[in-house]
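In order, the protein sequences belong to chains W and X.
So the first sequence is numbered by our numbering: it starts at 26 and just counts up by one.
So the second sequence is numbered by our numbering: it starts at 1449 and just counts up by one.
Possibly wrong hints are sitting among the right ones.
[As the list claims (entries may be wrong)] Listed below are the simulated BS3-like cross-link pairs for lysine-lysine, each with C-alpha atoms no more than 30 Å apart in a straight line:
#1 X:K1468 x X:K1669
#2 W:K43 x X:K1622
#3 X:K1450 x W:K43
[Unchecked claim] These stretches of chain X come out as covered by chain W in the derived footprint (C-beta under 8 Å, 3 or more residues):
#4 1496–1504
#5 1554–1564
#6 1605–1617
These are calculated hints, taken from the structure and not from any lab test.
Glycine included, C-beta positions come from ideal geometry on N, C-alpha and C.
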Amino acid sequence: MSGTGNIVARRPFPAAAKEKLADAQLRANLRRATHTIRDKRLRVVGEVPDWEALRVAGAAIKDDVLSRLPELLEQFEAAATAAGAVVHWARDADEAAALVTDLVRATGATEVVKVKSMATQEIGLNEELAAAGIAAVETDLAELIVQLADDTPSHILVPAIHYNRSQIRDIFARNGLTALTDDPPALAEAARRHLRAKFLAAKVAISGANFAVADSGTLVVVESEGNGRMCLTLPETLISVVGIEKLVPTFRDLEVFLQLLPRSSTGERMNPYTSMWTGVTPGDGPRTVHVVLVDNGRTDTLADEVGRQALRCIRCSACLNVCPVYERVGGHAYGSVYPGPIGAILSPQMSGEGANHTLPYASTLCGACYDACPVRINIPEVLVHLRQTGPHPAAERTAMRALSWTMRSRRRYAAALRAARRGAAPLRWAAGTSVRRLPWPMSAWTAARDAPLPPKQTFREWWAHERR
Amino acid sequence: MKIALFVTCVNDLVFPDTGKAVVRILERLGHTVEFPVGQSCCGQMHANSGYRAEALPLVRNFAQTFEPYDAVVAPSGSCVAMVRDSYPRLVPESAPVASRTYELSELLVDVLGVTDVGATFPHRVTYHPTCHGLRMLRLGDRPRTLLRAVRGLDLVELPGAEECCGFGGTFAMKNAGVSAAMLADKCGAVVDTGAEYVAAVDNSCLAHIGGGLSRRAAGTKPIHYAEILAAE
Chain W
26 MSGTGNIVAR RPFPAAAKEK LADAQLRANL RRATHTIRDK RLRVVGEVPD WEALRVAGAA
86 IKDDVLSRLP ELLEQFEAAA TAAGAVVHWA RDADEAAALV TDLVRATGAT EVVKVKSMAT
146 QEIGLNEELA AAGIAAVETD LAELIVQLAD DTPSHILVPA IHYNRSQIRD IFARNGLTAL
206 TDDPPALAEA ARRHLRAKFL AAKVAISGAN FAVADSGTLV VVESEGNGRM CLTLPETLIS
266 VVGIEKLVPT FRDLEVFLQL LPRSSTGERM NPYTSMWTGV TPGDGPRTVH VVLVDNGRTD
326 TLADEVGRQA LRCIRCSACL NVCPVYERVG GHAYGSVYPG PIGAILSPQM SGEGANHTLP
386 YASTLCGACY DACPVRINIP EVLVHLRQTG PHPAAERTAM RALSWTMRSR RRYAAALRAA
446 RRGAAPLRWA AGTSVRRLPW PMSAWTAARD APLPPKQTFR EWWAHERR
Chain X
1449 MKIALFVTCV NDLVFPDTGK AVVRILERLG HTVEFPVGQS CCGQMHANSG YRAEALPLVR
1509 NFAQTFEPYD AVVAPSGSCV AMVRDSYPRL VPESAPVASR TYELSELLVD VLGVTDVGAT
1569 FPHRVTYHPT CHGLRMLRLG DRPRTLLRAV RGLDLVELPG AEECCGFGGT FAMKNAGVSA
1629 AMLADKCGAV VDTGAEYVAA VDNSCLAHIG GGLSRRAAGT KPIHYAEILA AE
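Same shape as in the complex, but just chain X (with noise of 0.2 Å):
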């Protein structure tokens, strides 16, 4: 199977390690990971914002870039949420693509079957289900059964875990006094569970909970599951 990474425009730049992450799981488990190079990013933002003309080019570009793979794995799942939901309907031609783009645990659950991808992690970790991973993707259970199969991972439940943490992407901004208002409420909940790490499937939305937690010098440091099913 030809798998392409699509390691999304926001962990090139400020997340590297959990695009690494990715690989390195994938090639544990046997398999070959490619990076094509013409991608770029999948115009969540601009398409989100009311940008549709401008999103359009980079929905191209996606298609175009990873048309020949037999799947397209990336660890976000709210690009793999525009990708998935919104494609075809911005650019009808980008369907068939759209639908073999997989959020990481899609892709380790339901295509390649595995629960168990051999990490080592010993550390107390909370999950946050981010909100285009829960309610667009549906992705479920996937995330925290792969990582209870970790070894030394003790998972602990997060009090209101299904509440936004208040990112939003440009909500974040425009409408900075809510955000912060849901921030504080998420990192009171992470930070009462008393876990080492709060992992989740979105860096994005990790950006800005790590952010909070960090402003109020909370000992909970913020991390995408991947890291944690690539540690050995």
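Just chain W, same shape as in the assembly (with noise of 0.2 Å):
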């Protein structure tokens, strides 16, 4: 069953690509954020001897998870119930948000704070909640100024990175959170002052998880600001949203992500709140503990043997911060909640629709992503896999068929590179060595570059010239 939800991108990549890079603001706040993040992260990467290890050994964990997946759900159901937790099971974006908001309305708030979780935007929950009446506090600093600028996040952990912050003091102002300079600090405290009424107000909190334990039912959050922390244990009923791919088999599995995220996510070595729980504990903490795990679209990508190590996928955002495509466009480009490179992989996959299916091409294949990956998703070979399986233009399909069967017969390769050689004669003496201008479809290699021309003789005329 393919999923739903704001995983599919209305426009193809190239187009929505075109209008980011005109912003020249947006491409100086993401030359900077992205390499601030990217130095940060290489550096504290390098301090970590098994790093490799670590890499092979996530990769590893994640592989056994999604060999044995129905196997380990029904343990994490069984484990989590047994503590206390109520468990729902969501096929789509669209079941999942109309079941988290049934659950809100039974509660009777009408406002409920949210952890920061990729879950959610995927299914569209804020919009869902929304349209019941109940309002959703984003309590994420950059969450928080997504939703106060009535946006949508453009990267994965650093939702608010196409904002510098002047730009952000502009949008607190304009939403009566005054900041008096536009110093992270004093902006952060603004942010603080509006979050804490809202957090000692609220009755129901929704997270998401970034591991769910199989053998223990714990859920897993990682953060850095504490608002996290103060959304799982002030609220009395906590609703968590959960990718069915979550899961690792035990606890001690644990050992490895949590080295591997903050570094590869925010270069930090540790990340400053890791919250845990499993079901309710009498007395300390939400009263009511619900888990939604939703598949929308996870259980086609593991059917795919190439594309389902996509599922790998912890959400670090390396890949992002790497990306030479990503730095330039910026995440709304993608048109997912999932941008960058693991978003080509992962929109097209579990969507299977929609404009989706120019996003495998929106990489140079560079690798750099794959290097970042802490869990060795090979994205290159990923894209290549869905560039093959999916629609190609019929011009390009015939001028590929062409070329290939030129290509496989030794004479007639020879008569085509003569012919070319020979059919690039009148440019040369037009223009020399390279032309500026050339017709449909090379116009799109000579809008911004010169272009090479062939030379007189070709690499095996000279050949059989010199050496026969």
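Bring the two chains, given one by one in their own frames, into a single complex with the hints.
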């Protein structure tokens, strides 16, 4: 069953990217931010002598999970239920959002506080809650900025990466949050004052989870600001929306991921807050705990032998930060809550529709993402695989077939080289060694760069002439 | 050792001097190089663009053409990456010849054990490590080691060297705007070095970078590093 929700691009990537490229402020913000995180990550990853072994272990644990997902999910359900949680299952985004909305409605709450969560962004929960008259308050600073700006996140970890601090101060000011300067501490203080009242009044909190431990039924949230800890402990009811691939088999497996995740995501040795809870603990924390396990296209993705490695993803966003394409266009160009290299392989596989088939081409296959990935997802391999399985333009298909037919025969190939060399002769005569303008489809090349022209003799002609 | 040159389709047609340079370097070192004329294209463009079926005959042709040789050398990181990384998955019988296929610096440094090829090139040069050479073949410092041994050559570091230039094969056409934005940054970094030449192991990336440099009338010229290593 295909996934639904905010994972389907409405516009082809090149069109969306073109618009973003024109925004000089956006590009400056992104460049600064991605390079800062990139450098921090390199520094802290370099400190770990067994980093490569950790990556291998992370990938192996996740592959094990994926190979016995049904069994582990049932194990998680049994353990969480035994600990007092109520476990729900949702096939897609629509079902999950409706389910959570019903759970909130049943409490009578009209406002909920939220821990930063990709799963709830994926299922479009805030929109669904709003339609039911329930206000969802994002408590992660960057998510709050995006929410106040009436915008959508453009990065998995740093959803407001596309804004700089003076833009953030303006967004705050428009919403009655006063910061005297655009210093980060002043901005954070304004947000803190705004959020404190929300935390204390909230009856219901909604979270995602970074990990779900199958053998204990434990959920884990990894965060930096402490807002998550407030949401997870203060309200009476806690609802967690969790993708089914978030499992790890045992508590001990967290050892690997709690090393991999912070260094890969924020470039910190350890994140400030790691919260873990197992069902309900009498006298401590929420009295009602719900867990909503969401498929939303993950089972479809799991069925693909090459593509399933995308489900290892722990949403660290290291691949976004190192991606030269993401750096130029930002997350919104990808049209899905999952942008960047991981989004380019996750969104098309999960949803299988919309303009998502253009996403696997949003990469030069430079491989920086694969090197950075803490669970060794071979993103270039999956990109190429999806290019293989996705639709092809008819003209391109014809050209590729003709080229392959020509190149597989020595005679045809040599004749084609000769023809190309001769064909370039008038251009060479007029323009020299390179040309500034060529007709379609080569105009896409000469729009930004000169094109080199074939010289008078091909290599094989030289070889035949000189060497035989 | 029977060494065969896989010149690559782009070099055959557009950059024959690079192929000649490889022949010159190896002959100067006392080796014999053969050019099997049955060769055409490695099939990278087809495979990476999603045309696996169209790539397969080219893979088989490569395997058949180069089977008799002890070593195959190509002046291209991305074509060699295609052969070594993808061939065994696409056509399992091609695995042995794929494992004997080397990018020029690998052949020189690892197989032949040479770091000084006896070249002279009295110019200021910066080096752009292309992505497939860097991250798929893990060429590491090999090309730079060879360049450092060239007499008269002043090798200047390229800031942000490991960032992709934005070529990416059909990416340059399908996502022309993003490609151009990446190119602009790469060209800026190249020009800032004040180098006369920007060298790389791939002429495809160099055609893109060089095209950008010539469009902005920059003084820096692209050059395949084999042509530097061949210079006397």
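Any hints from earlier that this structure breaks? Give me their numbers in increasing order, please. Per hint list: 3, 5 violated.
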